[in-house]
Amino acid sequence: MAVDPTEPRGIAQILSDLLRNLSRLLEQEFDLLKREAQEKSSQFVRAGLAVLAGFLLALAALLCLIAALIAVLVEAGLSMPWAALLVAAGVGSLSAVCIYWGLTRLRRENFLPRRTIREFRRDKSAIKENFS
6 MAVDPTEPRG IAQILSDLLR NLSRLLEQEF DLLKREAQEK SSQFVRAGLA VLAGFLLALA
66 ALLCLIAALI AVLVEAGLSM PWAALLVAAG VGSLSAVCIY WGLTRLRREN FLPRRTIREF
126 RRDKSAIKEN FS
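Going by this note's numbering, the letters in the sequence shown line up with residues 6 to 137, in that order.
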């Protein structure tokens, strides 16, 4: 509704406009929150899948590499315990890197709806300024 600035408006009209604008603002803020939450949940899923991939890689490495590499190292003259320790250290290092990569992306601050929080704070300040 276009408002003619030369026509005086009653308090009821001003309050009605204010409530309508606040309602529209809140709808937009919640739409932003919803979109940002969807983005963050997608990031969460991707990071969780990376952690899962790390665990699966670690398991696959344990099943395949331990048997093969220990046999190769024993065949090369290393004792069985030293061969097993060396292989376990390598497999453990690879799995630790994958798990660390995924967990760093699962930190809490990566999933805060920063834009929405910033908008809410800005709107709160604007409302305070207008009513003070």
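Treat the hints with caution; some may be incorrect.
Straight-line distance between alpha carbons at most 20 angstroms, and here's what the computed SDA-like set of lysine to any residue pairs gives [stated by the list, open to error]:
hint : residue 1 : residue 2
1    : K133      : S46
2    : K39       : F116
3    : K129      : Q33
FYI, nobody ran anything at the bench for these hints, they're computed from the structure.
Against the structure, test the hints numbered earlier, and report the numbers of the ones violated in rising order.
1
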